[in-house]
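Student: So the chains spell out like this:
Number of protein chains: 2
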Amino acid sequence: MPQELYFEDFYVGQTMNSIGSAKVTAEEIKEFGQKYDPQPFHLDEAAGENSFFKGLAASGWLTAAIVMRLRVQSITVAGGMIGAGVEEMRWTLPVRPGDTIRTEIEVLGVRQSSSRADYGIVRTRTLAFNQRNEVVLRSTVNFLAPVRPKA
Amino acid sequence: MPQELYFEDFYVGQTMNSIGSAKVTAEEIKEFGQKYDPQPFHLDEAAGENSFFKGLAASGWLTAAIVMRLRVQSITVAGGMIGAGVEEMRWTLPVRPGDTIRTEIEVLGVRQSSSRADYGIVRTRTLAFNQRNEVVLRSTVNFLAPVRPKA
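The listed protein sequences correspond, in order, to chains U and L. Numbers 263 to 413, taken from the working numbering, label the letters of the first sequence in order. Numbers 263 to 413, taken from the working numbering, label the letters of the second sequence in order.
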């Protein structure tokens, strides 16, 4: 079991790579599209061909969800990773059926929470890459991490 | 069928409410959690009770995905709504089993794309409310809309 991390374990410049990667299938793209982003280019290959994306493409929110899973797998925060907001998120290239996604996370900042003395806020930059090492998503996300309990 | 909107149809101050709302179930929270955000407070009521959230809570990325569906249903962009990035997204309250989510969208800005003459960029503020009219998510998101073809 990976070590549980507390606020004090994070530092600026720290990097964390995803453990393994996530393969994205046409089936997952269509299933997510039907549920959450029902637009032709997320549902059907032929409709995708005639669209902005020139082919079936993953909803950006599916990519974001996959990135969240990779993040949870690679950073084991004590008590869980509590999102404290997205400062920026960009979808820089479409994610296609068969793509394999991995992430690299860098800590940009750490600060004590002003509203909760028992938590700190960790500011991170995430880059998500496909199998050609092209960036498909980049984001700046803050999460909470608990202050280490006094011994 | 709703009218298809082109870039010229958007203007600062325009508001669009979601058509209906989305009820969030414990089943959907757990299913999404298992797939994309496998942390105890998204998977299990008892584990949720002993967590930051004091109960089962939806992954913020599930809330974001539901908000995307409401957005797609309420704004019919010609050719589809192409995300051009998130400027900010905050989860202001947990989303719980049984909550019903609706959205209000306001156009903050419109500008021609500098890289693609056939598209404009629409900057929007989204507020997502629960059934008590409490804001559970707010975001600033940009999307592309095609310039209306010449007659």
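Be aware that a few hints might be false.
The list treats identical chains as one, so a pair stands whether inside a single copy or across any two.
Think about it this way: if two alpha-carbon atoms lie no more than 27 Å apart in a straight line, the pair counts; the simulated DSSO-like pairs of lysine-lysine are [unchecked claim]:
no., residue 1, residue 2
1, K316, K412
2, K297, K285
3, K292, K412
4, K412, K285
5, K412, K297
I should point out that these hints are in silico values taken from the structure, not numbers from a laboratory. The structure presented is a predicted model; accordingly, all values stated were derived computationally and were not measured.
Student: All hints, please: hold or fail.
Tutor: Going down the list of hints, with the structure as the test:
1. K316 / K412: between (56 Å within a copy, 23 Å between copies)
2. K297 / K285: both (20 Å within a copy, 13 Å between copies)
3. K292 / K412: This pair counts as neither: shortest intra-copy Cα distance 48 Å, inter-copy 33 Å.
4. K412 / K285: neither (42 Å within a copy, 42 Å between copies)
5. K412 / K297: Result: close neither inside a copy nor across copies, 45 Å intra and 35 Å inter.
Taken one by one, the earlier hints fail for this structure at numbers 3, 4 and 5, listed in ascending order.
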